[in-house]
Structure formats: structure tokens, C-alpha cells
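Chains A and B, in that order, are what the protein sequence lines are. The numbering of the first sequence is the working numbering, which starts it at -13 and goes up by one. The numbering of the second sequence is the working numbering, which starts it at 80 and goes up by one.
Certain hints may be false.
To be verified - Below 20 Å or equal to it, Euclidean Cα-Cα: the simulated EDC-like pairs (lysine to aspartate or glutamate) are:
hint: 1; chain 1: A; residue 1: 24; chain 2: B; residue 2: 161
hint: 2; chain 1: A; residue 1: 56; chain 2: A; residue 2: 82
hint: 3; chain 1: B; residue 1: 136; chain 2: A; residue 2: 82
hint: 4; chain 1: A; residue 1: -11; chain 2: A; residue 2: 82
hint: 5; chain 1: B; residue 1: 92; chain 2: B; residue 2: 131
hint: 6; chain 1: A; residue 1: 2; chain 2: A; residue 2: 15
hint: 7; chain 1: A; residue 1: -11; chain 2: B; residue 2: 154
hint: 8; chain 1: A; residue 1: 56; chain 2: A; residue 2: 72
hint: 9; chain 1: A; residue 1: 24; chain 2: A; residue 2: 3
Since the hints were made in silico from the structure, they are not lab data.
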Amino acid sequence: AQKVTQAQTEISVVEKEDVTLDCVYETRDTTYYLFWYKQPPSGELVFLIRRNSFDEQNEISGRYSWNFQKSTSSFNFTITASQVVDSAVYFCALSDLDNYGQNFVFGPGTRLSVLP
Amino acid sequence: KAGVTQTPRYLIKTRGQQVTLSCSPISGHRSVSWYQQTPGQGLQFLFEYFSETQRNKGNFPGRFSGRQFSNSRSEMNVSTLELGDSALYLCASSLGTGYYEQYFGPGTRLTVT
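Only chain A is shown next, with the shape it has when bound in the complex (with noise of 0.2 Å):
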């Protein structure tokens, strides 16, 4: 079965430090995709990565970047230089298919605060 697991439950760091966001996860497929989203206090998610189980090159995006190992299912997030507006609840997924279509399994999240 499927499972993503978020260790943290809250993180408060002070802006301009760098803080990592832990997810790892468990699937029997050898084929599956593996996603964050933002939750800022408005309510609305926001995706902002997808990455597939053959793709293990890190990523970066600016003040953002995703570090994926398939030997520990681990796929960790990392904010560089963290701001106030990164405050928000971050959440892990995982995507595999089956026969009738698209598992979509989200970690519990992971609460983070950016102190000013």
C-alpha cells in the first residue's frame, strides 16, 4: 500500500535561514511520480514540483530546491534564505496507478512558520 510520511509536523525558523522539509515514501510500484504542494493560510494548494521515479536529478528553482533518493524513498524539499511569505503548510504526495486509475496519497504536512 501506499504511504507518504512527513516526520515534522511543525517548523519555525527565522527568515533567511534555510530549512528541509522531510517526506519520505513507501509504494510497490516501480513506476510513480512523486509531488509538493504549498498550502499558504488562504486555503488554496499549489503544486510546485512533479517529479517521476526515473528522474533522480535534483532540482532547483530559485530559492527552492527537491533532493530525490530512491534508495531511502526520500524526496526532500529545501528553502534557501526562507521568507515570511514561505510560511504555509507543505505537503507531500505520491502517485502510482492501478487498474481503475490515479492513486493520489498526500503526507500529513508539515506546518512551516517563518519568524520576521
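Here the structure of chain A is known, so what remains is to put chain B in place on it, guided by the hints.
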């Protein structure tokens, strides 16, 4: 492109009533998924529709149902409401079923009293 829209944004219902929530996906998207979000259970998958067919269903009782129309718009219905159904209901659309990223609407906040 307009994003995913959900109506209504807020609803207050009484136990035992039924409710219908509506979702309009991004133009061109054919898959619509529904999620329930609560503080205790987090984001839980309800069901996915693609080309008017339910493709997958989460672990929810039969009181939760949905449908998709030919224009990809979707509705979900909850009958015989219970207090525990109070939640934020999120709709997400994607280009197709599979590994596509999902784009979420603002949600409908349902309160059952």
C-alpha cells in the same frame, strides 16, 4: 486560463440533510478528483472522475457520491449529513488520469450542525 472554481465556498447544513458541491475544472482538463481535508485526518482522497466515469474511489461510505458531466464539470453529493462530515472539500483537476499534476480549487467549507 481560469483556475479551478468551486461553488459554494461556504455552506452550513444540519445533520440529516444532504448537500451538493460543484467543481468546474481548468479548461481542457478531463480529470476531476475530490478530497476531504480535516485537521484530524488531513487530506483524504474521495474519488476521481475521468470522461464521466468514476475511475477510483477512496475509503468513504456510500453517502458520498459524485458525477462528472460531458463538459468535465463535476458535482459531489453527501447525503444524510453527519457532524463528522464538517470539512474543507477540495476539488482538483488535471489533464488526464495518470501521473499528471493536479490543480486545486479554493475548496468548499462545509459545516454540519
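Going down the list of hints, with the structure as the test:
1. A/24 x B/161: Violated: residue 24 of chain A and residue 161 of chain B sit about 29 Å apart, past 20 Å.
2. A/56 x A/82: Measuring from Cα to Cα gives roughly 15 Å; hence the hint holds.
3. B/136 x A/82: Holds: residue 136 of chain B and residue 82 of chain A sit about 14 Å apart, inside 20 Å.
4. A/-11 x A/82: Satisfied, since the Cα-Cα distance of roughly 11 Å is no more than 20 Å.
5. B/92 x B/131: Roughly 28 Å separates the two Cα atoms, so the pair is violated.
6. A/2 x A/15: Roughly 38 Å separates the two Cα atoms, so the pair is violated.
7. A/-11 x B/154: Given that 20 Å is the threshold and the Cα spacing comes to 28 Å, the pair is violated.
8. A/56 x A/72: Roughly 27 Å between the alpha carbons, so the hint for residue 56 of chain A and residue 72 of chain A is violated.
9. A/24 x A/3: Between residue 24 of chain A and residue 3 of chain A the Cα gap is close to 19 Å, so the pair holds against 20 Å.
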